[in-house]
Structures are given as structure tokens and as C-alpha cells.
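Novice: Each chain, written out:
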Amino acid sequence: MRSERTPVSTPRRGRALRARPGRPPWILVLPALVGAAFLVLPLAGLLVRAPWSTMADRVTEPEVLAALWLSLSTATAATVLSLLLGVPLAWLLARTDFPGRRLVRALVTVPLVIPPVVGGVALLLVLGRNGILGRYLDAWFGITIPFTPAAVVLAQMFVAMPFLVISVEGALRGADRRYEEAAATLGASRVTVFTRVTLPLVLPGIGAGAVLCWARALGEFGATITFAGNFPGTTQTMPLAVYVAMQHDPEAAIVLSLVLLLVCLAVLATLRERWTNA
Amino acid sequence: MAPTDDLPDASGPVLDARLRLNRGDFALDVDLRVRSGEILALLGPNGAGKSSALRALAGLVPLTGGHVRVDGRDETATPVERRPVGMVFQDYLLFPHMSALDNVAFGPRCQGLPRSRARERAAELLAHMDLSAHVRSRPRHLSGGQAQRVALARALAVRPRLLLLDEPMAALDASTRIDVRARLRRLLEEFDGATVLVTHDPLDAMVLADRVAVIESGGMVQQGPPAEVARRPRTAYVARLVGLNLFRGTAEGTTVTLEAAGPGSPGGPARVEAHEAHHGPALVAFPPRAVALYPRCPHGSPRNVWRLRVEGIERFGDQVRVHLSGRPSLAADISPAALAELGLARGDEVWAGVKAAEVECYPG
Chain A
1 MRSERTPVST PRRGRALRAR PGRPPWILVL PALVGAAFLV LPLAGLLVRA PWSTMADRVT
61 EPEVLAALWL SLSTATAATV LSLLLGVPLA WLLARTDFPG RRLVRALVTV PLVIPPVVGG
121 VALLLVLGRN GILGRYLDAW FGITIPFTPA AVVLAQMFVA MPFLVISVEG ALRGADRRYE
181 EAAATLGASR VTVFTRVTLP LVLPGIGAGA VLCWARALGE FGATITFAGN FPGTTQTMPL
241 AVYVAMQHDP EAAIVLSLVL LLVCLAVLAT LRERWTNA
Chain B
1 MAPTDDLPDA SGPVLDARLR LNRGDFALDV DLRVRSGEIL ALLGPNGAGK SSALRALAGL
61 VPLTGGHVRV DGRDETATPV ERRPVGMVFQ DYLLFPHMSA LDNVAFGPRC QGLPRSRARE
121 RAAELLAHMD LSAHVRSRPR HLSGGQAQRV ALARALAVRP RLLLLDEPMA ALDASTRIDV
181 RARLRRLLEE FDGATVLVTH DPLDAMVLAD RVAVIESGGM VQQGPPAEVA RRPRTAYVAR
241 LVGLNLFRGT AEGTTVTLEA AGPGSPGGPA RVEAHEAHHG PALVAFPPRA VALYPRCPHG
301 SPRNVWRLRV EGIERFGDQV RVHLSGRPSL AADISPAALA ELGLARGDEV WAGVKAAEVE
361 CYPG
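Residue numbers (UniProt numbering), protein chains in the order written: chain A, 1 to 278; chain B, 1 to 364.
Worth flagging that the hints you see were computed from the coordinates, not collected in a lab. Even for Gly, the Cβ is constructed at its ideal location relative to N, Cα and C. Be aware that one or more of the hints could be misleading.
[As the list claims (entries may be wrong)] Not the full set, but computed from the structure, chain A residues with beta-carbon under 7 Å of chain B:
| # | residue |
| --- | --- |
| 1 | L81 |
| 2 | E181 |
| 3 | A184 |
| 4 | T185 |
| 5 | Y243 |
| 6 | A245 |
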């Protein structure tokens with residue numbers, strides 16, 4: 001096999017004479033194809049092995065619907081809460097200069113790199129019934145967080161919010177700050193500048209961050225099972241249900257996985273369309 | 001609005017500023033005074049500090065020293081959003097997610113006007129600027145000239161006492177500039193506060209401003225009415241901008257002995273005859289088109305004649321600009337026909353003559 005370019009000095013009849021960039025080198029193409037196959041084939045396998053004949057019945061089983069509803073509602077709640085806390089945090093990191101800002105930034109991104117199960121343990125130590133804060137919540141307000149749907153949301157926020165913060169901070173840093181100056185010369189306070197100028201300008205970045213955050217929250221497993229447990233109906237989200245089903249009924253696991261996959265793709269496709277048209 | 005003379009404050013300048021800025025190796029130190037209704041242009045090369053001066057007036061960069069007073073009130077420490085200032089930015093910076101109307105209404109809204117009143121004021125301003133058809137348009141659908149007027153309306157909507165314009169013409173393409181410039185001048189004339197605009201284009205400064213202040217490397221080197229600056233430049237930069245040959249020398253009556261261009265130049269220093277008599281340090285200026293070129297030493301009317309060498313020849317509008325070196329080194333604009341007749345080439349020697357009546361001489 002010859003990989004060098006064909007000489008152009010002897011053009012063949014019927015061939016347009018034009019400079020071509022040449023073939024992409026196989027040393028890049030081969031690994032790229034293997035990589036793409038590696039990412040796509042397992043999903044294809046899921047489709048091939050799915051029990052299509054009983055699909056309709058299995059999908060509408062109450063446990064499946066309960067897990068799906070719990071997953072969607074907690075992931076959405078975690079995303080909304082992450083937006084409320086994460087966007088101001090990103091603003092603080094991108095637009096102000098306080099002592100220790102770099103340290104805070106590094107600490108905020110720690111949940112990105114630590115194993116989620118460690119995050120779950122940490123949450124338990126702080127917010128558990130005997131935790132540093134949890135014991136007061138219990139004693140003063142009678143609130144116990146662990147092993148409730150609220151714990152699911154908190155576990156998801158812990159692992160997913162950093163994606164949002166990083167994404168929004170990047171968008172803020174990339175935004176043209178002169179628009180904010182223009183708003184200031186027009187008499188806008190910093191809050192007004194933020195809500196009426198900065199926020200609309202970085203909306204695409206916030207949207208991308210929210211999708212990342214939501215997808216990460218939907219797939220959350222380690223922190224959830226550690227901090228919130230695995231109780232069907234209250235804390236068993238789709239990923240947990242898939243894992244449990246895998247132990248005794250692999251076909252059910254496949255069905256659950258497919259449902260999760262389709263929901264994710266549907267949401268991402270809708271949002272993508274909305275943004276690219278905006 | 002005519003200033004009322006019975007008020008003691010009305011006679012003072014609207015803007016009285018001393019701007020001192022130090023940032024790294026850059027230092028700015030200029031004094032600015034602008035009267036009510038006056039338009040001051042800060043003219044200077046890129047990096048001279050004129051944009052920094054404007055940003056300091058707006059409060060976008062803090063001063064290292066000096067003061068900013070508007071209508072006699074000290075605004076030096078006032079935060080940007082509370083200064084009585086309206087600013088038109090380079091590239092206009094209209095908020096892309098708002099209509100033209102909402103862009104203009106933004107300032108009044110921030111000042112606490114109810115939405116309907118703010119929109120009313122914005123609509124009036126836009127109508128005044130012939131933009132009624134574009135109130136609903138997003139900024140990206142506006143032409144350069146329209147965007148400029150929306151930006152001006154937005155700046156004026158906050159009823160400022162000080163209007164700042166940063167390179168208002170830079171974002172426009174050459175074909176529309178003449179119209180837009182004339183229109184901007186008319187709109188600026190209606191503003192009764194003080195206007196400071198920054199430009200690197202001498203034509204903008206001459207057309208738009210009542211007074212031009214030239215800023216070079218952080219300091220003001222010259223200021224005066226545009227015609228005065230254009231006729232009597234004080235630095236090589238200004239002379240180049242307004243297209244004049246400029247020399248520094250010592251006047252004895254109508255004869256000015258020029259400073260030697262470089263050490264060790266052979267022969268005596270060059271002399272220039274002017275039509276005005278002065279004594280002491282003087283500047284001498286004349287336009288390149290006043291220079292005539294001769295193959296042999298001319299006899300007759302021109303009183304200034306020098307033998308010079310051709311350094312370069314370039315096209316300049318419908319004329320040809322000939323750069324000549326010697327004592328003094330100068331530029332001459334001649335017609336292509338004259339060039340052909342003289343048969344000049346680089347390195348040739350030629351006689352250059354200027355009538356004394358064409359030579360401006362003023363204290364240096």
C-alpha cells in the first residue's frame with residue numbers, strides 16, 4: 001500500500017487539476033475509527049439485545065416509571081439549584097478579585113476529580129444524622145437529609161454543579177466586558193449590569209453548562225447510593241435501578257438503560273435545536 | 001440653549017479636569033476644560049493616551065492624580081454609574097439582545113424612570129435622529145451610521161452634562177463616512193453640555209470639533225481651533241497629520257534660521273523667508289503644494305530656493321508627492337505632467353522654491 005500523494009505532474013485525462021490536501025494519515029485515522037467504534041458499539045449492543053417483544057409492558061412497569069420520574073425530577077431540581085448557586089459563584093470567580101480566589105476556584109472543582117462515592121461519604125459526614133451540620137439540623141429542626149429524595153438532589157448537586165460553574169465561568173471570561181462598561185456609564189448598578197447585560201450575553205454558556213450539569217446529575221450513582229441509599233420509590237434513581245436489575249434480571253437492566261439513553265438523547269436534541277436556532 | 005450670564009456658574013467650564021494616570025511605563029498628564037456646548041477633540045496617534053483620558057473622564061479607570069469637575073462639582077471619586085456622563089463607545093457596543101428602543105431606554109430605566117416614560121423618551125430621541133423606522137430593530141440589523149446614532153441617542157438619553165465619544169467614526173466604512181460625519185456634527189451641535197471626542201483621524205477632528213487638543217505620548221502638545229491647528233502645527237506628528245512641512249528655527253525679522261537637521265551637515269544652516277516678522281524661537285510651516293521644483297536655479301519671484309536631492313516619489317491623490325532631502329528636507333506636491341517634464345528619479349538633484357507669502361511663521 002502506497003500512502004504518498006500521486007504525482008500531479010502527469011495529470012490523467014478527465015481529472016480536474018487542483019491542489020489537494022492529500023489523504024489523512026492512517027496513523028491518525030485508524031485510532032480515530034477504533035475510538036468511534038468503541039463509543040458507538042456498546043450502545044448498538046444495547047439496541048440489539050433489547051427484549052423488543054416485551055418492551056411495552058416492561059417500560060410501563062410501576063418500578064420503572066417511579067425510578068424514571070425520580071431521576072428526572074431530582075436531576076432537574078439539582079440543575080435548578082446548581083443554577084441558583086453556581087451562576088453567582090461563577091460570576092464571583094470570573095469578575096471579582098478577592099484574596100484566595102484561586103484557591104476557592106481549585107476547591108470548587110475538586111468534585112470533578114474525586115470519585116463520587118468519596119463525595120457521598122463526605123456528604124454523609126457533614127449532613128448525616130450525626131454529621132457536623134446534620135446533628136444540628138436534626139436536633140433543632142427535626143430535619144434528616146440522608147436516605148431521602150433531598151439527599152439524592154444534594155448528591156447530584158455535589159458532583160454536577162462544578163460542571164456548570166466551570167462552563168459559566170468560561171463564558172463570563174469570554175464575554176466582552178466592554179458591554180458591562182457601557183451599561184455602567186448608562187447608570188446601571190452592578191446587579192442591573194449582571195441581570196440585564198451580562199446574563200443575556202452569556203446565556204448560551206449557561207445553557208451548555210446546565211445541560212452538562214443535568215446530564216451528569218441524571219447519571220449520578222456513587223454519591224447517591226452512599227448518601228441517599230437505594231430505596232425504590234424514594235431514592236432509587238435510574239442508574240441505581242439499572243445496577244440492581246443487573247444482579248437478577250439483565251433484560252430489565254437493558255430496558256432501563258435504553259429508557260435512560262432515549263430520555264437523554266431526546267432532551268439533548270431538543271435543547272440543541274432550540275439553541276442553534278436562537 | 002444659550003448660557004445664562006446672570007448665574008456666576010454659567011460662565012465657568014462644564015468640564016474642568018486634570019487627568020493624571022500612571023500605568024507601568026505609560027504616564028498621562030493632561031488638563032482639559034470644555035465650555036457649555038463646546039466640542040473638544042482629542043487627536044493623537046494610537047497609544048498616546050487619548051482613550052485612557054476618555055475612560056478616566058467616564059470613571060472607567062481610576063485616576064492616579066488630578067481631578068474631574070463637571071459643572072463645578074467634584075466627580076473624581078464618583079462611581080461610573082452615578083457620573084453625569086454619556087459615552088459613545090468605539091464599535092458602539094449596543095446591547096445585541098435588545099432592540100434599538102430598549103438600548104436607548106436602558107439608561108433612563110436605570111435612572112429610575114418607569115418603563116413607559118423611559119420608552120417614550122427613547123422613542124423621542126430615536127425619532128429626532130430619523131430612526132423611527134428602526135426602533136424595533138436589533139443592533140445587528142442596523143447600518144454603521146444608524147448604529148452610531150442609536151449609540152448617541154443611548155448616551156444622550158441619560159441627560160448627561162458631559163458627552164464622551166471614543167473613535168465615533170472608526171467602525172464605519174469609508175464610503176459612508178462623509179455623510180455620517182456631517183450628520184454627527186449637526187447632532188452634536190444641539191447638545192448643550194460639554195463634548196469630548198477621541199479620534200486619530202485629523203479630518204474627524206477638524207469637522208466635528210470646535211477645538212482640537214493634540215495628545216502625544218501622554219501629554220498635550222497643542223490645542224486650538226481646528227483651523228489654527230491645521231495651519232500652524234507645533235509638532236512633526238501634527239504637521240504630518242495636516243499635511244504640512246514643518247521646521248523649527250530662530251526668527252530674525254522675516255528670516256528664520258532653521259535648526260540643523262543633523263550634526264556635521266555641510267554648509268551653513270538653511271534659511272527660510274516668511275511673510276510675517278518674528279524674533280526668537282519660531283516654527284515655520286508650508287504646504288507641499290506650495291513647493292515648486294525647477295531643473296535649474298530659478299530667478300524671479302520665489303524668495304526661498306534650495307538645492308535638494310530626490311529621496312522618493314509617490315502618488316498622492318491626483319498629484320505626485322516628491323520627498324526631498326537636504327537642507328531643509330521637505331515634501332513637494334507637483335502634477336504628474338510636471339514630474340514627467342522634470343524627468344526626476346531617486347537620487348537626482350533639483351531646485352525647490354517656495355514663495356515667502358506661502359510660509360507661515362509663528363512663535364515656537
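Novice: Each of the hints needs a verdict: does it hold here or not?
Specialist: Do the hints match the structure? See the list:
no.	hint	verdict
1	L81	26 Å, violated
2	E181	5 Å, holds
3	A184	4 Å, holds
4	T185	4 Å, holds
5	Y243	44 Å, violated
6	A245	47 Å, violated
When each numbered hint is compared with the structure, violations occur for hints 1, 5 and 6.
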